[in-house]
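Work out the full structure: start from the sequences and follow the hints.
Protein chains: 4
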Amino acid sequence: MTSEELTLTEVREEAKKKLLGVCGVYKICDGDSIRICQGQSYGRPLGFGGIGSGASFRNNILAMKKLNLKIKLVGDHFEADTKYDFFGRELSMPIMGASVSGVNSFGGEEVISEKEFCRSVVLGCKDAGTVGWRGDTYTYSLAESYGIDAIAEANGTGVKIVKPREQEVIIEFFKKAEVAGSIAVGVDIDGCGSYAMATHNKPVFKKNFDDIKELVSSTKLPVIVKGIMSVGDAVAAKDAGAAAIVVSNHGGRVLDHTPGTIEVLPDVVDELKGKIRIIVDGGFRTGYDILKALALGAESVLMGRDVVRAAVGAGKEGVKIQMEYLQKILAQAMKMTNCATLRDISSEILY
Amino acid sequence: MTSEELTLTEVREEAKKKLLGVCGVYKICDGDSIRICQGQSYGRPLGFGGIGSGASFRNNILAMKKLNLKIKLVGDHFEADTKYDFFGRELSMPIMGASVSGVNSFGGEEVISEKEFCRSVVLGCKDAGTVGWRGDTYTYSLAESYGIDAIAEANGTGVKIVKPREQEVIIEFFKKAEVAGSIAVGVDIDGCGSYAMATHNKPVFKKNFDDIKELVSSTKLPVIVKGIMSVGDAVAAKDAGAAAIVVSNHGGRVLDHTPGTIEVLPDVVDELKGKIRIIVDGGFRTGYDILKALALGAESVLMGRDVVRAAVGAGKEGVKIQMEYLQKILAQAMKMTNCATLRDISSEILY
Amino acid sequence: MTSEELTLTEVREEAKKKLLGVCGVYKICDGDSIRICQGQSYGRPLGFGGIGSGASFRNNILAMKKLNLKIKLVGDHFEADTKYDFFGRELSMPIMGASVSGVNSFGGEEVISEKEFCRSVVLGCKDAGTVGWRGDTYTYSLAESYGIDAIAEANGTGVKIVKPREQEVIIEFFKKAEVAGSIAVGVDIDGCGSYAMATHNKPVFKKNFDDIKELVSSTKLPVIVKGIMSVGDAVAAKDAGAAAIVVSNHGGRVLDHTPGTIEVLPDVVDELKGKIRIIVDGGFRTGYDILKALALGAESVLMGRDVVRAAVGAGKEGVKIQMEYLQKILAQAMKMTNCATLRDISSEILY
Amino acid sequence: MTSEELTLTEVREEAKKKLLGVCGVYKICDGDSIRICQGQSYGRPLGFGGIGSGASFRNNILAMKKLNLKIKLVGDHFEADTKYDFFGRELSMPIMGASVSGVNSFGGEEVISEKEFCRSVVLGCKDAGTVGWRGDTYTYSLAESYGIDAIAEANGTGVKIVKPREQEVIIEFFKKAEVAGSIAVGVDIDGCGSYAMATHNKPVFKKNFDDIKELVSSTKLPVIVKGIMSVGDAVAAKDAGAAAIVVSNHGGRVLDHTPGTIEVLPDVVDELKGKIRIIVDGGFRTGYDILKALALGAESVLMGRDVVRAAVGAGKEGVKIQMEYLQKILAQAMKMTNCATLRDISSEILY
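Protein chains in written order, with this note's numbering: chain A, 19 to 369; chain B, 19 to 369; chain C, 19 to 369; chain D, 19 to 369.
Calculated from the structure, these hints are not laboratory results.
Be careful, since some hints might not be right.
Intra- or inter-copy, both count: the list cannot distinguish identical chains.
Derived DSSO-like pairs (lysine-lysine); straight-line CA-CA distance at most 27 angstroms [unchecked claim]:
#1 90 x 220
#2 90 x 293
#3 45 x 34
#4 346 x 101
#5 35 x 238
#6 45 x 35
#7 346 x 220
#8 90 x 231
#9 83 x 346
Rendered as structure tokens:
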């Protein structure tokens with residue numbers, strides 16, 4: 019165990035070298051004003067930062083900081099069980115790799131090919147007993163679909179998220195993902211604001227209720243709507259037949275000055291708990307953060323920036339080590355808050 | 019589009035070189051304590067900072083930060099329309115260049131002549147489909163009126179703001195502005211505290227209700243009262259016949275420790291919405307910030323410091339690029355908050 | 019006027035050189051964690067900082083920052099009148115020099131003799147039309163009473179504050195101050211915690227109601243009780259016959275983690291307004307700060323650290339320039355908040 | 019007195035040299051983001067920092083900062099009496115050395131042997147008239163029990179805290195402590211999350227109500243339960259027969275994102291005041307901090323990090339000087355808040 023832990027430090031040290039000038043691989047990744055990644059983009063690549071002033075990125079972190087955990091120790095001894103049911107599959111943990119894509123367009127030199135990056139996330143997550151999600155950007159096409167290829171290589175242990183392109187194109191992507199055996203597919207509806215797509219002749223669109231309904235009908239796979247930051251959009255996604263939503267502000271990269279995702283989560287949970295799978299991302303770094311989201315009613319969490327750093331640092335092995343470290347800390351945090359299984363986690367553990 | 023965006027970075031890099039020691043042209047311009055511009059002036063030029071401790075400048079920013087935007091995506095696709103009616107003229111955006119003047123007295127060496135600066139703001143804004151406002155300082159006179167000259171060159175696409183000088187002098191300025199074809203004229207009543215004016219034998223005065231009434235009667239042009247930071251002054255301006263007010267603390271440069279302008283705005287809107295045009299400035303940097311002000315009920319926003327930096331960096335071309343960038347981001351932010359036109363913007367989009 | 023302003027910058031630059039390693043003479047003096055003066059003393063001289071963690075010093079500033087001023091401009095023109103009645107004398111402003119003493123024991127080399135320091139404060143304040151208070155420390159005695167000597171030289175334009183020594187000693191000091199023609203005398207009751215005094219065989223004591231009463235009876239001069247941080251102590255001082263109180267935490271130098279003085283002031287004002295003169299100090303730097311205290315009901319303010327820096331920088335001339343600058347900014351702030359005289363100042367001007 | 023104070027500075031300077039790269043021995047020890055000790059551990063030794071992001075460590079400090087003390091001076095003179103009854107022994111102060119152990123595994127080279135460290139804490143505290151607690155880590159065994167040896171050398175002036183090992187092992191440790199004459203024994207139940215123990219084949223366990231009851235019955239000594247951060251655990255400990263509890267988050271080293279201990283303290287006091295001895299640790303640095311805890315109802319406070327630094331700096335002499343300094347400042351703070359004895363301290367002194 020100790021050697022693995024040391025290895026995560028090594029993975030990150032390696033990533034730090036490769037990401038020089040793009041990401042500092044700081045001990046604390048919070049988009050703070052002294053970080054490389056922070057500040058007005060004025061049309062430059064976002065790097066690992068947030069859009070505009072970076073407030074949405076920081077709000078994710080700041081909202082997380084406001085939540086405290088209640089230590090509860092007197093009780094029978096156990097080692098916490100973090101097993102998670104994801105669309106009928108038993109995962110080792112309620113933590114999955116997020117659908118980040120286009121890592122090389124973050125700025126700086128090429129540090130990992132998109133193909134290798136996708137393989138690292140999907141296979142690394144699989145090796146850790148969980149699932150890597152894969153995304154979409156302007157370099158992707160039906161012909162060159164790095165994410166789906168990686169999912170196929172992992173015998174379907176993956177989720178494919180498509181940008182809100184033309185309906186027909188999305189449906190074609192979904193079909194390819196079905197063939198690859200994906201667990202689920204989805205659309206990140208907040209991608210409609212993507213300049214990267216628009217400026218490379220890959221138009222993206224706002225999607226209305228009927229659009230989502232059509233996408234849900236187009237595939238046998240569960241359809242996930244990602245990019246929910248209001249109860250209205252959450253309810254619309256559910257009513258249109260989505261199997262899951264991801265409360266997400268795209269890591270703070272699509273609109274400046276949104277609240278933190280974990281501020282929006284409780285409202286969505288109040289409205290839809292038990293009616294749809296509620297997943298969340300944005301600003302999660304540690305097993306402690308993940309426990310907070312579960313306490314607020316999310317069923318699982320996607321990890322973005324740290325999975326990218328792990329993949330850049332040591333490919334699929336890096337991702338595996340990263341995910342296992344998260345699981346270990348989550349289990350420890352569950353022990354300290356008296357939660358033997360995911361079912362024992364509730365808002366009672368927040369102080 | 020990408021080339022334009024890169025150009026804004028270049029414009030700012032150029033400004034940074036010219037403003038060495040006066041303004042850092044930081045990615046984030048917030049008057050923070052580690053900035054060149056911050057701190058006690060003790061009679062020195064203010065540079066780009068605020069007066070005294072700089073609290074009023076910072077409060078503008080801090081108040082803005084407290085407001086969050088609500089992402090709302092499920093809906094019909096559109097590209098946002100930012101067109102704005104300003105006294106009967108259709109502008110491309112509800113964003114105008116502020117009436118900053120005396121840029122060279124900010125400290126440091128001369129970086130742009132006042133004449134060229136005025137031309138840059140007025141012509142650059144016009145080229146971007148909007149309007150540049152022009153101001154007044156001790157170097158201005160009826161004989162040497164740089165702002166009005168620039169407005170004349172732009173065939174009247176401009177607004178002339180005069181310091182609260184003797185009534186007769188203001189009226190003469192208004193007449194010159196009329197001749198130049200200005201859209202509107204106005205007085206920044208907070209200029210009564212200007213040391214620069216007083217110490218150069220250009221006396222300035224507090225203005226009472228009758229003074230404002232007299233100014234309104236003196237011209238066929240709409241009269242704008244700028245420097246409103248209380249409901250009382252707003253109502254007085256309206257009752258005296260002003261066509262518009264600007265909620266403004268002069269960029270935090272006339273009194274230390276005022277609230278942020280966007281904290282005062284809602285009270286003024288509650289009292290006067292629909293009865294007078296309400297414009298605001300102070301701490302606005304991005305299209306996101308502008309959307310917040312519109313959500314709170316302002317009809318448009320003036321941009322000061324960034325327009326100065328753009329003019330210093332690349333003259334009227336710089337100002338045009340700056341304004342177009344703001345419009346683009348405003349349109350994107352409107353898309354992400356489900357506002358197809360300015361009329362769709364309301365406090366509903368704030369979280 | 020401009021030349022005077024420049025001179026204050028020069029005065030401070032000079033002080034900065036002399037106080038190297040003791041005080042940075044920063045543009046903002048707030049006891050922040052990156053300042054020389056901040057942090058655990060562990061028995062070392064306090065320098066210009068606060069005791070312990072410096073929280074009391076910082077709380078003075080932080081509490082001040084929370085108060086905002088309301089700009090109010092529409093009205094008849096005036097230049098503000100800052101004249102202040104202090105025990106029957108008309109001062110030019112409600113701002114006096116605080117009773118700081120023992121400047122050379124702040125640490126570092128001797129930068130000004132105690133005698134010269136006392137002369138600088140008293141004569142500099144007098145030249146600015148106001149009053150310098152003088153204090154007491156272990157190097158003072160009835161034989162060597164630098165403060166009273168300076169007050170005598172200024173024909174009594176001064177106030178003498180004595181540490182809470184033995185009753186008889188205080189009374190002897192009072193008598194000497196009477197002879198010197200002092201306007202008033204007083205005791206800083208928070209001096210009972212002074213290590214400097216105790217460790218140099220100058221014992222100091224807590225004072226009870228009867229002690230204060232005895233001191234009041236011992237002299238014809240008005241007696242001031244300084245070091246009030248609770249309503250209870252304020253009422254006791256008034257009931258014992260004190261003519262004035264100073265709400266003060268000794269610049270944050272006698273107890274760590276007190277609230278800011280301006281947080282305590284309103285409670286004291288609520289209880290005693292009109293029944294006793296209420297003066298305040300602690301964290302005041304500018305005319306804006308002073309206006310806030312007056313708005314909360316203090317009748318005047320004492321300036322400590324900046325007067326010391328001014329005296330170190332340029333003796334009595336430095337103090338005069340400092341006080342005049344404060345008066346000028348106070349007058350300007352009064353104009354911007356529509357207060358023609360001190361009587362027009364009320365909590366209405368706070369936002 | 020002055021020479022002692024200077025010595026504390028010297029002790030700390032010495033510690034600073036020895037702890038290079040591990041602890042900065044800053045004037046303010048607050049786990050702030052610019053400190054050496056801060057940030058994600060990723061399996062590395064924690065050093066002097068907190069676990070994970072360090073939020074629990076910082077929350078201890080931040081919660082303390084929110085509490086202010088009320089100066090109250092008018093009253094009869096006294097020198098404060100800090101004497102404290104601890105299980106029938108009269109201590110010089112309500113401040114004891116915490117049960118920190120394994121100092122050399124904090125990272126860096128060996129700076130003090132564990133044996134010498136234990137002797138320093140126990141004998142140094144005893145010399146200052148108070149008590150040093152001793153802890154447990156994976157290098158400890160029944161054969162090599164450094165803490166108990168030191169307590170024996172001090173004729174029993176100490177408290178032995180054991181990690182939550184197997185019941186039989188704890189009971190054996192308790193028996194050894196009895197033989198050594200310890201004042202009390204205890205278990206830090208939050209040690210059940212210790213990786214250091216688990217990874218060195220020293221298994222640790224959550225303890226239930228019956229486990230605690232069994233431990234209480236196993237010894238004639240008072241049993242202390244340490245690591246209480248919820249009312250539930252506090253009540254369970256009391257009902258199981260514990261003689262005292264320590265409200266503690268283990269210095270922020272066992273779970274990230276807990277509240278500050280001083281936030282939890284009032285709830286525990288409300289429930290159990292007078293029914294069990296309530297002690298607290300976490301983030302205490304000065305006599306002022308200690309006074310706050312006593313005002314909130316704790317009967318005494320344990321000091322961790324500063325005692326370690328003092329021991330590293332100058333062994334038992336260092337610890338003695340550290341403790342005496344704390345006592346002196348506590349007494350001074352009591353004088354300034356009008357508390358002649360510990361019994362006079364109540365929440366009335368908080369502002």
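Here is what the structure says about each hint:
1. For the identical chains of this complex, residue 90 and residue 220 are inter-copy neighbours only, at 22 angstroms across copies versus 52 angstroms inside a copy, given an alpha-carbon limit of 27 angstroms.
2. In the homo-oligomer, the alpha carbons of residue 90 and residue 293 lie at most 27 angstroms apart only across protomers (21 angstroms), although the nearest pairing inside one protomer, at 30 angstroms, exceeds that limit.
3. Taking the shortest Cα distances, residue 45 and residue 34 sit within 27 angstroms of each other both inside one copy (11 angstroms) and across copies (23 angstroms).
4. Proximity of residue 346 to residue 101 under the C-alpha cut-off of 27 angstroms is restricted to the intra-copy arrangement: shortest distance 12 angstroms within a copy versus 46 angstroms between copies.
5. Taking the closest pair of Cα atoms, residue 35 and residue 238 never come within 27 angstroms of each other, the shortest separation being 43 angstroms inside a single copy and 59 angstroms across copies.
6. Taking the shortest Cα distances, residue 45 and residue 35 sit within 27 angstroms of each other both inside one copy (14 angstroms) and across copies (25 angstroms).
7. Proximity of residue 346 and residue 220 under a CA criterion of 27 angstroms is satisfied inter-copy only: 18 angstroms between copies versus 41 angstroms inside one chain copy.
8. Taking identical chains as interchangeable, the C-alpha atoms of residue 90 and residue 231 lie at most 27 angstroms apart only when they sit on different chains, with a minimum of 18 angstroms there against 45 angstroms within one chain.
9. Only within a single protomer do residue 83 and residue 346 lie at most 27 angstroms apart by alpha-carbon distance; the minimum there is 21 angstroms, versus 33 angstroms between protomers.
Going down the numbered hints, you'll see the structure goes against just number 5.
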